[in-house]
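Residue numbers (my numbering), protein chains in the order written: chain A, 257 to 624; chain B, 257 to 624; chain C, 257 to 624; chain D, 257 to 624.
Worth flagging that the hints you see were computed from the coordinates, not collected in a lab.
Since we're looking at a predicted model, the values are computed, not measured.
Every residue, glycine too, gets a C-beta built ideally from N, C-alpha and C.
What you were told as hints is all true, and nothing was included just to trick you.
Now the in silico label distances, taken between C-beta atoms and shown as ranges:
1) A/S330 x D/G552: 30 to 36 angstroms
2) A/Q550 x D/P350: 27 to 33 angstroms
3) B/P541 x C/P541: 27 to 33 angstroms
There are 4 protein chains.
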Amino acid sequence: MASSLTAGVIGATGYTGVALLEVLVRHPDVELTFATTRQGQLAGTYVHAFHPNLLGVTGLKFTLYDPANEALASSNEKLLAEARETDVVFLCLPSGASLDAVKQLHGRRVRIIDTSPDFRLRNPEAYKQYYGRDHSLPELLQGFVYGLPELHREELKKARYAACPGCNATAMILAAYPLTKLEGLEGSRFFFDIMVGSSEAGAEPTRSSHHAERSGVTRPYSIKDHRHLAEVRQELQLPAANVTATMFSVDMIRGVECIGHVLPARLVEEKELWKVYRTVYGDEPFIRIRAKRQPGPGSLPDAKYVRGSNYCDVGFFLDEERGSIGILSALDNMLKGDVGNAVQAMNLMFGLDETTRLKDLVPSYLLG
Amino acid sequence: MASSLTAGVIGATGYTGVALLEVLVRHPDVELTFATTRQGQLAGTYVHAFHPNLLGVTGLKFTLYDPANEALASSNEKLLAEARETDVVFLCLPSGASLDAVKQLHGRRVRIIDTSPDFRLRNPEAYKQYYGRDHSLPELLQGFVYGLPELHREELKKARYAACPGCNATAMILAAYPLTKLEGLEGSRFFFDIMVGSSEAGAEPTRSSHHAERSGVTRPYSIKDHRHLAEVRQELQLPAANVTATMFSVDMIRGVECIGHVLPARLVEEKELWKVYRTVYGDEPFIRIRAKRQPGPGSLPDAKYVRGSNYCDVGFFLDEERGSIGILSALDNMLKGDVGNAVQAMNLMFGLDETTRLKDLVPSYLLG
Amino acid sequence: MASSLTAGVIGATGYTGVALLEVLVRHPDVELTFATTRQGQLAGTYVHAFHPNLLGVTGLKFTLYDPANEALASSNEKLLAEARETDVVFLCLPSGASLDAVKQLHGRRVRIIDTSPDFRLRNPEAYKQYYGRDHSLPELLQGFVYGLPELHREELKKARYAACPGCNATAMILAAYPLTKLEGLEGSRFFFDIMVGSSEAGAEPTRSSHHAERSGVTRPYSIKDHRHLAEVRQELQLPAANVTATMFSVDMIRGVECIGHVLPARLVEEKELWKVYRTVYGDEPFIRIRAKRQPGPGSLPDAKYVRGSNYCDVGFFLDEERGSIGILSALDNMLKGDVGNAVQAMNLMFGLDETTRLKDLVPSYLLG
Amino acid sequence: MASSLTAGVIGATGYTGVALLEVLVRHPDVELTFATTRQGQLAGTYVHAFHPNLLGVTGLKFTLYDPANEALASSNEKLLAEARETDVVFLCLPSGASLDAVKQLHGRRVRIIDTSPDFRLRNPEAYKQYYGRDHSLPELLQGFVYGLPELHREELKKARYAACPGCNATAMILAAYPLTKLEGLEGSRFFFDIMVGSSEAGAEPTRSSHHAERSGVTRPYSIKDHRHLAEVRQELQLPAANVTATMFSVDMIRGVECIGHVLPARLVEEKELWKVYRTVYGDEPFIRIRAKRQPGPGSLPDAKYVRGSNYCDVGFFLDEERGSIGILSALDNMLKGDVGNAVQAMNLMFGLDETTRLKDLVPSYLLG
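Using the sequences and the hints, build the whole thing.
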């Protein structure tokens with residue numbers, strides 16, 4: 257790259273926002289130009305005054321932008337004018353707010369990477385079913401590529417807009433995707449159990465996120481039909497009838513551990529599994545296969561070994577006696593499950609080396 | 257009870273041992289008479305010098321007893337002479353050592369409650385398969401009642417010997433047991449995922465239990481055929497072909513969270529589930545049913561709400577669209593999964609109120 | 257006791273409230289008669305629906321009572337009528353609300369044990385200085401005994417009202433109290449550093465208590481003049497000029513670890529320290545002295561060994577070369593730092609064995 | 257730099273070793289050429305097989321080297337031959353082993369950065385006092401620069417050998433160093449309390465580091481004269497009589513929080529503190545000043561905001577009423593307290609931008 261990309265972050269007070277700043281601020285090909293907030297009292301203040309970790313890291317200040325607040329029309333428009341001339345804007349807003357922002361932003365030079373669920377589902381009916389509202393911009397859905405490089409790399413290279421996956425969806429999809437390349441497994445039955453950290457629920461304090469209530473839990477919080485399953489079904493082309501998923505909050509800030517038990521439509525051999533996982537993921541820069549038969553540190557995916565990095569570790573085992581397959585994945589919900597993946601998508605969209613900045617994020621098992 | 261029972265603890269340096277002392281020391285009908293160690297340097301020292309929490313709680317000192325160490329024959333015999341005249345002896349030894357101790361101890365007045373796996377399996381072949389050695393006392397197996405009151409209360413009331421269940425086995429059995437009372441579910445397929453705390457692995461320091469390595473994990477450590485499944489199959493009368501279980505270490509000291517996904521041999525209705533769980537567990541003093549459809553604190557079993565207590569919380573849900581059943585349980589692996597359950601068994605064996613001392617252990621969600 | 261005491265808990269939705277219920281519900285001499293809430297939507301609902309750990313433990317329902325809400329005058333009056341005929345009422349309300357409740361409740365048969373700071377300070381000026389408001393009931397202050405048995409046992413036996421200490425105050429006072437019995441130490445300089453768990457901040461969700469923000473901290477939150485120092489000065493009769501205290505939030509739910517460095521007004525010998533600590537605390541049922549020179553588990557006070565119990569562990573060391581004294585204490589902020597101590601006070605006020613119910617709370621180092 | 261430096265890591269199985277690899281593997285000016293182990297069974301195996309986080313990050317294999325094992329003379333010599341031709345070798349060995357390695361390695365082209373305590377103390381008597389053995393290479397001590405850039409930047413630029421500071425020493429020195437620039441403070445009295453994570457104790461499993469025993473602690477482990485004080489006294493030129501330090505293990509893997517209470521030899525004003533801290537640290541790339549009067553996230557140093565980065569946050573407060581000063585610091589014991597600082601030293605020694613690679617390590621408060 258001769259010169260830097262300009263990039264803006266819309267929604268920089270939340271956890272996706274701050275995690276994205278942590279990556280972009282040291283991206284060698286990116287110049288961060290703005291970071292917005294919907295909180296009026298933060299406008300004009302240093303980002304590091306709100307996110308203390310960023311002291312000394314960035315001198316950026318918050319800009320006010322709330323797409324749903326008509327009283328802010330003039331300041332909104334000022335930000336939008338800048339944003340439209342920016343190379344890439346990341347939307348780190350909650351579902352719904354992203355729709356408003358895209359409506360105001362799209363159609364100009366700027367490329368958009370949305371981290372919310374608003375543009376992930378091709379089918380607006382599915383959106384309505386899972387998010388409880390009509391999709392206000394169905395005509396734009398086809399313009400958004402589902403931002404998972406492992407499945408949509410070539411499309412991302414040409415994409416103007418990307419809708420990045422949910423963290424749990426990423427974990428399930430990347431664990432199961434190779435199985436969809438095996439013949440004769442249509443109609444297989446999947447049971448997923450997923451353990452997640454507290455950052456997944458975002459920055460809003462609630463009773464269930466209060467430290468004294470959230471520490472020490474093994475709390476089932478979504479028992480059979482998590483919203484992210486809509487993405488899993490879309491991307492893996494699985495019928496709804498074949499997938500159950502149960503989510504558990506466990507005591508960590510970051511991390512997703514996913515196990516899927518598969519009752520396959522036909523018997524599968526271990527060497528088939530090795531072959532297909534290696535074929536599908538052998539060249540992937542951020543997928544590591546862990547599938548040792550002997551348990552031990554690192555034998556199988558474990559959130560501890562990916563935390564702080566953009567890796568998704570993937571594994572599998574065969575339960576020969578009972579004819580079922582176990583598939584596993586582990587990722588950092590803020591990185592490969594969110595902003596790391598989004599930056600990977602950005603790198604692809606702008607013709608950069610896909611791993612730029614992300615390879616710097618070496619995981620450390622001593623971090624948490 | 258007119259007078260106290262005398263009770264001894266064989267193997268009091270490990271985690272089962274110390275947890276048992278914590279319960280027995282305040283049991284109103286028990287007089288603790290000895291606590292043994294296999295570590296020579298601890299013989300004659302205060303138990304609280306090794307387990308600092310017990311300072312001020314008990315003035316008991318360790319007695320040396322190592323059933324496998326022939327060099328200790330005379331001191332062993334001295335302990336055995338006392339033990340044989342004790343009302344009840346709890347064995348808190350690892351698998352294998354328990355066999356040695358029972359061999360030396362059985363046949364006299366003393367009643368034995370074993371917390372190891374050595375006498376849980378009725379079938380010595382199963383023992384050999386899962387524990388890798390011939391059972392040296394197969395003739396005694398029928399004399400041991402499987403010490404789970406919810407399944408064997410009446411037998412325990414008459415038992416001289418009890419073999420208390422493994423913690424993961426207890427979690428799986430108590431979650432699934434009511435389903436075995438429904439007709440037409442024979443041959444149903446079970447997939448269990450289990451999250452456990454670090455105390456389950458015992459007191460021996462290893463790399464995998466080192467704080468910096470064990471904190472923050474979501475580590476799969478047994479992927480399909482955990483030893484405790486032998487107990488599950490025996491007690492639920494399930495064929496081996498029907499149960500897969502995967503165990504995960506998560507970041508907590510105490511607690512087991514168990515989820516089972518059941519692909520039932522016939523369709524089941526939610527009201528059937530309610531009816532059978534209520535019927536089976538309605539009068540159980542230490543089973544609580546949590547099966548709310550709306551997720552939230554306490555809606556379903558969560559280790560946080562049983563920690564420090566003898567409760568096993570049990571729940572279930574129906575995935576109507578996909579025809580599967582979810583079953584859940586949560587327990588404290590040191591209490592209902594180990595010594596709390598053992599004391600419940602003891603209470604039954606001696607005609608005491610089953611809940612004596614155990615009801616004092618009120619769980620607190622602020623403890624961890 | 258021929259018959260049970262009746263006891264009510266005013267303010268049972270907060271952490272002090274639930275912790276108190278956990279103790280009282282199994283107190284052999286207490287019959288719990290009511291538990292109040294200020295949240296209208298909880299009135300009439302089961303306490304265990306809000307505090308899920310209490311499922312199966314108590315069938316008590318919340319009663320509405322908000323002393324500051326005049327719109328609730330009639331329901332308040334109904335509760336007050338019952339409360340005035342109760343043997344003992346525990347106030348588990350925030351500062352300020354306790355004043356309102358005492359105003360409405362005092363003067364009748366009922367004895368009152370207040371866990372708030374409202375009646376701890378003998379001097380209403382000190383109250384104004386630290387709590388920012390005039391004390392509305394200064395005439396009642398002399399009627400409240402400072403509810404720390406180690407300092408006020410005899411007064412508590414005769415007390416009608418007790419104001420129980422703050423958790424940090426308890427830690428500092430119990431660590432330092434024996435030094436006040438040594439001659440020639442007037443004017444010594446104290447520097448306290450205190451580490452606390454998240455339950456100390458109560459049940460109100462805020463950004464700083466949000467799990468993702470609160471986990472992993474070592475956060476200084478009060479740097480030199482914590483409110484509890486007013487109690488420390490009063491009870492130890494220290495001048496304000498002699499005590500600095502700094503508080504740190506660390507990653508645990510329960511626990512207080514307190515270290516004080518003392519620059520003594522005269523040189524002190526180690527044997528003096530041993531003698532005075534043993535003399536002062538030798539007969540105390542809930543004080544354990546840990547003062548080994550060699551570091552190791554249990555050598556000195558550590559929150560891990562008191563958690564879940566009513567113990568306060570106290571220790572000390574002499575830095576001979578530099579002429580200073582270290583004093584340490586560790587306690588469970590919800591028990592010896594709050595409701596355990598309050599029940600100890602109640603036991604004394606009603607002529608019960610001081611340790612009733614509290615000795616059942618055996619600490620376990622495997623709990624957290 | 258036209259070409260990369262070659263760098264080797266001696267002692268790569270321990271925590272310092274793995275943390276160093278995590279930094280160096282992505283250092284743009286470094287080519288990692290070897291990583292040694294003293295464990296024979298690891299020789300020739302992939303580093304990522306032992307440190308699972310490094311899978312996909314490096315293809316390096318362990319080389320056997322044990323300076324104290326004469327039976328390995330030929331393989332040791334082979335490694336030494338390579339090491340002597342390497343640009344820089346990092347020693348990540350325990351105290352004592354480092355002496356052996358330096359003896360074998362020094363005097364050639366290679367520059368040495370030692371992370372052990374063996375070459376930190378200028379005075380071999382102090383070494384003997386704190387480490388219990390005679391220093392075997394006193395003649396080399398003057399050749400080692402104390403590797404703390406904030407105090408010895410210019411010397412490091414010219415250094416061939418550096419001895420990097422201990423983590424607790426770094427925390428104390430950086431907190432207090434500016435005070436030594438104020439006049440009239442000679443003879444001031446310091447009381448330090450330090451909270452540390454479990455990684456500080458290294459990778460060796462012991463009972464005290466076992467997860468179930470180490471979680472939840474607030475454990476005093478060194479009460480008055482920690483070894484690192486020898487460094488503090490040397491670097492700050494403080495007499496031994498003026499510094500007491502007490503260390504506490506708290507429940508985190510990484511992090512050091514340090515508070516010092518200073519009874520100053522003369523009264524100091526807050527503006528003096530601001531001025532001297534700003535003067536001393538204003539240009540430092542890895543020191544951030546946090547000294548807000550109002551408590552809140554980020555107001556003062558907190559390990560949460562430096563974890564994963566090379567920052568040391570420093571703060572202070574004045575207790576005007578009592579005439580004392582509080583000084584604080586927070587750092588990541590594996591980075592600024594260990595290998596991050598070592599790489600900063602390396603950058604200086606080789607004329608690189610001091611922040612190379614280290615600025616990539618942006619702290620995230622969501623990591624732990």
